[in-house]
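Engineer: Take a look at the letters that make up each chain.
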Amino acid sequence: MNLLLAPFRGLVDFFQALARIHRIVPWLVAYVFLLPLPEILSATGNDYYIYLTNRILIFILLSVGLNIVKGFCGQVTVGHIGLYAIGAVTSSLLAINYGWPFWAAMPAAVVVTGLAGIIIGLPSVRLEGAYLALATLGLGESVRIMIAVTPALGSSTGIMLIPPPQVGSFVFDDFQKYYYLVMTAAMIGIYLSFSILRSATGRAFMAIREDVIAASVHGINVPANKLLAFVISALYAGAAGALFAHMPPGFIHHNNFTIIEMVTLLLMVVMGGIGHIWGGVIGAIIVYIIYDNTLEFYHIQPLTFGLIMVLLVVFMPQGIGGVIDRYLVTKRFVKLREEKSDGAA
Amino acid sequence: MALLETRRLSKSFGGLRAIHDLDIDVEAGTIHGLIGPNGSGKSTFFNLVSGVYPPDPGSSITFAGTDVTKSPPHAIAKLGMARTFQLLRLFSEMTVLQNVMVGYHTHVPYSLLGTLVNSPRTRRIDARITEEMSELLEIIGLAEYADMPAAELSGGQRRLLALGRAMATRPKLLMLDEPAAGLSPVNVDNLLSIVMALKDRYGLTLLIVEHILKVVMDTCDRVTVLDHGEKIGEGSPTEVKDDPAVVEAYLGQEMDDEEVRQAMQA
Amino acid sequence: MTTTTKGITALLAAGLVTGLAATALAGEIRIGVTMRMVSENGQKYGQMVVDEFDMINKAGGINGHTLDVTLLNDECKSDKGVANANKLIFQEKIHLLVGSTCSSVSLPIVDVTAKTKVPQIIPHSTNEKITQKGSAWVFRVPVSGRYYAGVNAKYVGENIGKKIAYLCAADAASQNDCEAMQAQMKSQFGAEAAYVAQVQEKEVDFRTHMQKIKSAGVDGIMIAALAETMARALVQSYEAGIPASVNRIGSSSASNSPVPAIAGDAAKGVFFTAAYAAADDRPIARLFNEMVRQRYGIHAPDHDFSQAYDLVRIVEIALGNADLKLDSANLAADRTAIRDAIANVKGYQGLASGPISFCAEATPQCRDGNRTAVLIAYTKGGKDYVTEVLARVTMPVDFGLK
Ligand SMILES: Nc1ncnc2c1ncn2[C@@H]1O[C@H](COP(=O)(O)OP(=O)(O)O)[C@@H](O)[C@H]1O
Ligand SMILES: [Mg+2]
Chain A
1 MNLLLAPFRG
11 LVDFFQALAR
21 IHRIVPWLVA
31 YVFLLPLPEI
41 LSATGNDYYI
51 YLTNRILIFI
61 LLSVGLNIVK
71 GFCGQVTVGH
81 IGLYAIGAVT
91 SSLLAINYGW
101 PFWAAMPAAV
111 VVTGLAGIII
121 GLPSVRLEGA
131 YLALATLGLG
141 ESVRIMIAVT
151 PALGSSTGIM
161 LIPPPQVGSF
171 VFDDFQKYYY
181 LVMTAAMIGI
191 YLSFSILRSA
201 TGRAFMAIRE
211 DVIAASVHGI
221 NVPANKLLAF
231 VISALYAGAA
241 GALFAHMPPG
251 FIHHNNFTII
261 EMVTLLLMVV
271 MGGIGHIWGG
281 VIGAIIVYII
291 YDNTLEFYHI
301 QPLTFGLIMV
311 LLVVFMPQGI
321 GGVIDRYLVT
331 KRFVKLREEK
341 SDGAA
Chain B
1 MALLETRRLS
11 KSFGGLRAIH
21 DLDIDVEAGT
31 IHGLIGPNGS
41 GKSTFFNLVS
51 GVYPPDPGSS
61 ITFAGTDVTK
71 SPPHAIAKLG
81 MARTFQLLRL
91 FSEMTVLQNV
101 MVGYHTHVPY
111 SLLGTLVNSP
121 RTRRIDARIT
131 EEMSELLEII
141 GLAEYADMPA
151 AELSGGQRRL
161 LALGRAMATR
171 PKLLMLDEPA
181 AGLSPVNVDN
191 LLSIVMALKD
201 RYGLTLLIVE
211 HILKVVMDTC
221 DRVTVLDHGE
231 KIGEGSPTEV
241 KDDPAVVEAY
251 LGQEMDDEEV
261 RQAMQA
Chain C
1 MTTTTKGITA
11 LLAAGLVTGL
21 AATALAGEIR
31 IGVTMRMVSE
41 NGQKYGQMVV
51 DEFDMINKAG
61 GINGHTLDVT
71 LLNDECKSDK
81 GVANANKLIF
91 QEKIHLLVGS
101 TCSSVSLPIV
111 DVTAKTKVPQ
121 IIPHSTNEKI
131 TQKGSAWVFR
141 VPVSGRYYAG
151 VNAKYVGENI
161 GKKIAYLCAA
171 DAASQNDCEA
181 MQAQMKSQFG
191 AEAAYVAQVQ
201 EKEVDFRTHM
211 QKIKSAGVDG
221 IMIAALAETM
231 ARALVQSYEA
241 GIPASVNRIG
251 SSSASNSPVP
261 AIAGDAAKGV
271 FFTAAYAAAD
281 DRPIARLFNE
291 MVRQRYGIHA
301 PDHDFSQAYD
311 LVRIVEIALG
321 NADLKLDSAN
331 LAADRTAIRD
341 AIANVKGYQG
351 LASGPISFCA
361 EATPQCRDGN
371 RTAVLIAYTK
381 GGKDYVTEVL
391 ARVTMPVDFG
401 LK
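Protein chains in written order, with the numbering used here: chain A, 1 to 345; chain B, 1 to 266; chain C, 1 to 402.
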């Protein structure tokens, strides 16, 4: 583990030094670092990597959002994929039927999805655990079914020819251009998740996850904060949905939003580390890369994913992020204990 | 007018009357003890006044001059009531510092939006809160462990953290549910001195449920005795100790706690 | 805080970890396949495509070139299909894309192949818009939906008569079938409906309707309903005394096995449309049925199998005629050569019920190569029903285009 983390040390120190200037500085530097990624990937002779990165970045937005409500606030939601669908459909329809540019359609879709988040979150006021999961599953699935049976929402054919985003004559119509868009969105999303989760609101979410009763007697308005977590996560899903819909070839279909996709999302959050601040990011990257590299073994893929999920829950419930944290915490804790006993001696 | 007043406070679980027609006044600035055999309704009383359980119809609870009978827990907390739990209910996966910062939640003067833009004001406030909370950790002796997950603490440290978290809400009334349970005598003394220091420093009113009679007898100004959800005695520690009804209740009971019986017999 | 930065670096490393760049061998013709490999049948006809290409390799390849086939599962989901297409095109650097088996997946892939200039040949997707996008890179082996839409009416108008009564159930599919048939009878033959009965959701007694239809003296009755309702209506039509000489015409759900099973004798003569009939008695069809039965244990292969098989044969012909360099410098040229070679396939006679021909223009007329549907009729009802080929109907090239 030490060996594994060693190469990061220098980088970590570097970014920590930057953070002392201002909280946002490391993010800006990281952003600049990430800008030439398409060129680097392209140099491998395989532009598919850029596309893959774009897909992953959209999943990062989704799973970072899901991590806020599920990982941090502890609300078992299986309706997230329905919110993703609402974001995608809303933005598409505004662009196609009303000619809205992406830059207006996407924010509108984010707002609409945020409002839908209140509805998906309402059951959380009364229900917990498996019951809440069932209720949100029902709501998420009804979104999909609604799309599937309504011709204006695409029904069985899907919505096609969703225009790509455009600034003047610059059209985001290839992998590389779209990368700048989704990467920027993902960075903003991750940054905001940090801001939220390290604020009083983030602490309130975690307290609710840990112990609802203790949270409430310490002054936390539990129902309001649960709903807030749902709404924030819905905003992420809405943004991800719009970015997915407008990505060439600009096509969405109700079966992009099934329970299978939802399970994949959950796997991302669980694998990355439920409630770990990087959990959604780590999970989205790892799960999607595993998925992509096992495509040819399609006949055993669902089984493999199911197995990974079960093994994770049993042997590594804290996910990869949790394992890293645990390692760091234990090390520091041991050190502290040693110092104490030294002092006593 | 007392800081906390209950009138005809009742709570039934199914057929079980856990609290029945209970009138209690906790005067501001006092240390009020609440004792009684196991299952007599002490924790239920805490849960009722802190809003965790809704009381039965006809009950009334007034805190700091406000009727809080139907208020949710977070609203009551905002009025200045804090409590600990018999089973602690710490936020185990959160750090020690985060635990107390949650306690401070209602006093955080910035909004979510303020955090998102990370205004200099928000940063200033955040720094101040962290400092204040670190000070509090200093008082309860957990400053070194600020960044440890609460789950990593020892039993005694956890009790201290529960106390610190409740204190972080800046309460007028602090209610402690068996704060010293399971502690070694040394640690009991340590905890008591911390509680007294906090009381003096912040001008607290205390309501303490405790089985360790020494704690009650040494510290309380006034003691209420519960049995089967009803008040069977009230007065100064000495008055209560000599009250035949109280002695009867304790002696007639199959007690788990040897110490309690001995203390009562003494 | 330490984890903050680690995450950023993880993101950086992400692309690099994904694996090694695909090693594309010169001299191989790379074919990418994306299909719905979900159900048992789906997996089997996908496997058949791979096996058939394999057999070409075993027989010495095409002009000495081996075929390198990569098969991916798109689960009939557009996002996965598009991802597969991009992976096959940019990573595997394929010369030809085969797929998909679902219209909602083939549709967006058409845009991907058009933009990247990779020939795409479709084994099973009927949505008419697929070839109407104006892509020069797409070819469709199955019968387009626009042809299917008129097949029933063409057959009925030419062989049964123009005086048709309609019994239309309330579900969306049946309403659709019912309206389409009436519209087609009108546009192809100028024939108005002789009688239209709208059947409510829970209705089970159709005798009053049947009596009226009987007295209307029609040439045929179209029963557009889901399987069980259709079966019930068929039985009641005989109970009402409508003679067998009045043809019973089924809607698309007539192909579902509960129809003959429940209707029994009343199912006799009811027909439905497909691109291929297992009851086809041409030698090529009998050989094919036998092959599928032996290799994949499928008793009566449907058109999913036949179209996949025809597709392989068409690809074989086209690749045989294409002049390919098969080195990385000529990838684009080879893709164009394959496209042009497929466009040059004319009059292919295979399992499809009629000849398949393509041409160069990027129009539906050129790229919907298969215009012949087969009408399959029940000759015996019950659980052990028997079907026969009633007719083959070839539609005019422009049919269904505005
Ligand atoms: N949530 C509950 N549901 C049902 N019964 C309860 C509940 N909470 C407490 N009780 C019952 O109420 C009575 C009083 O319990 P409690 O207040 O915990 O006693 P104490 O704290 O004095 O030991 C006990 O009989 C207990 O079993
Ligand atoms: Mg108790």
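Because the hints were derived from the structure by calculation, they are not lab data. Do not take every clue at face value.
Straight-line alpha carbon distances no greater than 27 Å define the calculated DSSO-like cross-link-like pairs of lysine-lysine that follow [stated by the list, open to error]:
| id | chain 1 | residue 1 | chain 2 | residue 2 |
| --- | --- | --- | --- | --- |
| 1 | B | K70 | B | K231 |
| 2 | C | K402 | C | K346 |
| 3 | A | K177 | C | K93 |
| 4 | C | K163 | C | K268 |
| 5 | A | K177 | C | K268 |
| 6 | C | K58 | C | K214 |
| 7 | C | K133 | C | K117 |
| 8 | A | K177 | C | K117 |
| 9 | C | K214 | C | K268 |
| 10 | A | K177 | C | K163 |
| 11 | C | K133 | C | K93 |
| 12 | C | K383 | C | K402 |
Far from chain A, some chain C residues (derived; all Cβ distances over 10 Å) [to be verified]:
| id | residue |
| --- | --- |
| 13 | K77 |
| 14 | A83 |
| 15 | K87 |
| 16 | P108 |
| 17 | K115 |
| 18 | L326 |
From the three backbone atoms N, C-alpha and C, an ideal C-beta is built for every residue, glycine too.
Engineer: Work down the list of hints and note, for each, if the structure agrees.
Structural biologist: Okay, the hints, checked on the actual structure:
no.: 1; hint: K70/B with K231/B; result: 23 Å, holds
no.: 2; hint: K402/C with K346/C; result: 25 Å, holds
no.: 3; hint: K177/A with K93/C; result: 21 Å, holds
no.: 4; hint: K163/C with K268/C; result: 21 Å, holds
no.: 5; hint: K177/A with K268/C; result: 60 Å, violated
no.: 6; hint: K58/C with K214/C; result: 62 Å, violated
no.: 7; hint: K133/C with K117/C; result: 14 Å, holds
no.: 8; hint: K177/A with K117/C; result: 19 Å, holds
no.: 9; hint: K214/C with K268/C; result: 19 Å, holds
no.: 10; hint: K177/A with K163/C; result: 60 Å, violated
no.: 11; hint: K133/C with K93/C; result: 24 Å, holds
no.: 12; hint: K383/C with K402/C; result: 43 Å, violated
no.: 13; hint: K77; result: 5 Å, violated
no.: 14; hint: A83; result: 6 Å, violated
no.: 15; hint: K87; result: 5 Å, violated
no.: 16; hint: P108; result: 4 Å, violated
no.: 17; hint: K115; result: 8 Å, violated
no.: 18; hint: L326; result: 17 Å, holds
Checked against the numbered hints given earlier, this structure breaks hints 5, 6, 10, 12, 13, 14, 15, 16, 17; the rest are met.
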